[in-house]
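Novice: Spelled out, the chains give:
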Amino acid sequence: DGGITQSPKYLFRKEGQNVTLSCEQNLNHDAMYWYRQDPGQGLRLIYYSQIVNDFQKGDIAEGYSVSREKKESFPLTVTSAQKNPTAFYLCASSPVGVLAKNIQYFGAGTRLSVL
Amino acid sequence: KNEVEQSPQNLTAQEGEFITINCSYSVGISALHWLQQHPGGGIVSLFMLSSGKKKHGRLIATINIQEKHSSLHITASHPRDSAVYICAVRNGQNFVFGPGTRLSVLP
Chain A
1 DGGITQSPKY LFRKEGQNVT LSCEQNLNHD AMYWYRQDPG QGLRLIYYSQ
51 IVNDFQKGDI AEGYSVSREK KESFPLTVTS AQKNPTAFYL CASSPVGVLA
101 KNIQYFGAGT RLSVL
Chain B
1 KNEVEQSPQN LTAQEGEFIT INCSYSVGIS ALHWLQQHPG GGIVSLFMLS
51 SGKKKHGRLI ATINIQEKHS SLHITASHPR DSAVYICAVR NGQNFVFGPG
101 TRLSVLP
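Residue numbers (this note's numbering), protein chains in the order written: chain A, 1 to 115; chain B, 1 to 107.
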């Protein structure tokens, strides 16, 4: 089945540690996104990528890094510089282009907590 | 002021009730989406609207472009409709999300 797979479902980070969240899609979508969700707030964009080997900062990129070496994969690293990383992280993908349906497809999310 | 606002923030209804969730936005948009987030966190897209009205089963979504307002209606609500409903607008290449409305439907 086509879809977006995020792993792990739950992740714990120690002080000063970098952790990487995985996002893989087999929908052949060009664009991929990472969002952060905090209680009572809308999803906020961390990074997005519209094509392989290119990505752009979103609204809250500080303390995060990404790579897009393959079309299918868009991993997110939460670095030690991110002082408040506890949140629910969602990955999404969408087709691009004039005929694109403008619909984003979401993964099941990763819940990150600080030990 | 948030670019996308939703009301109410929380909503509790009895099974069978007609439910309305509202979304107002302040930015120019090319499309508006209604999303459903289940308790486990997964998000599914319910509707994409650029004008008028769409219906899918017991769900109806409307949009008024001039007033920058959209509503999501659920007829004959059921406990399995309990979820967070999120309004999102497409502004350029990216999306702006509302804070969500948490709906609980009691049996």
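Worth flagging that the hints you see were computed from the coordinates, not collected in a lab. Quick reminder that beta carbons are idealized off the backbone N, C-alpha and C, glycines included. Hints should not be assumed to be uniformly reliable.
[Claimed, not checked] Some, not all, of what chain B presents toward chain A, calculated at C-beta under 10 Å: (1) 9; (2) 11; (3) 13; (4) 18; (5) 19; (6) 27; (7) 31; (8) 35; (9) 45; (10) 74; (11) 78; (12) 82; (13) 93; (14) 94; (15) 97.
[Unchecked claim] Just a sample of chain A residues kept apart from chain B, beta carbon distances all over 12 Å, derived: (16) 19; (17) 69; (18) 110.
[Said to hold, decoys possible] Pulled a few chain B residues facing chain A out of the computed Cβ check, cut under 10 Å: (19) 3; (20) 7; (21) 8; (22) 16; (23) 33; (24) 37; (25) 44; (26) 87; (27) 98; (28) 99; (29) 100; (30) 105; (31) 106; (32) 107.
Novice: Compare the structure with each hint and give your call.
Specialist: Hint check:
For residue 9(B), the interface hint holds, since its Cβ comes within 10 Å of a Cβ in chain A; the closest pair sits about 8 Å apart. The closest approach between the C-beta of residue 11(B) and any C-beta of chain A is roughly 15 Å, which is over the 10 Å cut-off, so the hint fails. With 10 Å as the threshold, the beta carbon of residue 13(B) stays out of range of chain A, its nearest partner Cβ sitting at about 20 Å, so the hint is violated. For the restraint placing residue 18(B) at the interface with chain A, the shortest Cβ-Cβ distance is roughly 26 Å, beyond the 10 Å limit, so the hint is violated.
This hint is violated: residue 19(B) has a C-beta 20 Å from the nearest C-beta of chain A, more than the 10 Å allowed. Hint status for residue 27(B) relative to chain A: violated, with the closest Cβ pair at about 13 Å, above 10 Å. This hint holds: residue 31(B) has a C-beta 5 Å from the nearest C-beta of chain A, less than the 10 Å allowed. For residue 35(B), the interface hint holds, the least distance from its beta-carbon to any beta-carbon of chain A being 8 Å, beneath 10 Å.
Against a cut-off of 10 Å between C-beta atoms, the interface hint on residue 45(B) holds, since the closest Cβ of chain A lies about 5 Å away. Interface hint at residue 74(B): violated, since its Cβ lies 21 Å from the closest Cβ of chain A, which is beyond the 10 Å cut-off. Given hint, residue 78(B) at the interface with chain A, is violated; its Cβ is 23 Å from that chain's nearest Cβ, farther than 10 Å. The interface hint given for residue 82(B) is broken, as the beta carbon of that residue sits about 17 Å from the closest beta carbon of chain A, more than 10 Å.
Look at residue 93(B): its Cβ gets to within about 7 Å of chain A, closer than 10 Å, so that hint holds up. Hint status for residue 94(B) relative to chain A: holds, with the closest Cβ pair at about 6 Å, below 10 Å. The interface hint given for residue 97(B) holds, since its Cβ lies 4 Å from the closest Cβ of chain A, which is under the 10 Å cut-off. In this structure residue 19(A) is separated from chain B by more than 12 Å, as the shortest Cβ-Cβ distance comes to about 18 Å.
Residue-level check passed: residue 69(A) sits 21 Å from the nearest beta carbon of chain B, beyond 12 Å. Residue placement check: residue 110(A) does not keep its beta carbon more than 12 Å from all beta carbons of chain B (closest about 9 Å). The interface hint given for residue 3(B) is met, as the beta carbon of that residue sits about 9 Å from the closest beta carbon of chain A, less than 10 Å. With its C-beta approaching chain A no nearer than about 14 Å, residue 7(B) sits outside the 10 Å limit, and its interface hint is violated.
Interface restraint check for residue 8(B): the shortest CB-CB distance to chain A comes to about 13 Å, outside 10 Å, so the restraint is violated. With 10 Å as the threshold, the beta carbon of residue 16(B) stays out of range of chain A, its nearest partner Cβ sitting at about 29 Å, so the hint is violated. For residue 33(B), the suggested interface contact is upheld, since its CB lies about 7 Å from the closest CB of chain A, less than 10 Å. For the restraint placing residue 37(B) at the interface with chain A, the shortest Cβ-Cβ distance is roughly 9 Å, inside the 10 Å limit, so the hint holds.
Interface restraint check for residue 44(B): the shortest CB-CB distance to chain A comes to about 7 Å, inside 10 Å, so the restraint holds. A least Cβ separation of about 9 Å between residue 87(B) and chain A falls short of the 10 Å threshold, and the interface hint therefore holds. The restraint placing residue 98(B) at the interface with chain A holds, with a minimum CB-CB distance near 5 Å, inside the 10 Å limit. At about 5 Å, the closest approach between the beta carbon of residue 99(B) and any beta carbon in chain A falls short of 10 Å, and the interface hint on this residue holds.
A distance limit of 10 Å between C-beta atoms decides the matter here; for residue 100(B) the minimum to chain A is near 7 Å, and the interface restraint holds. Among the interface hints, the one on residue 105(B) is violated; its C-beta lies about 21 Å from the nearest C-beta in chain A, farther than the 10 Å criterion. For residue 106(B), the interface hint is violated, the least distance from its beta-carbon to any beta-carbon of chain A being 22 Å, above 10 Å. Here the hint on residue 107(B) is broken, as its CB sits about 26 Å from the closest CB of chain A, past 10 Å.
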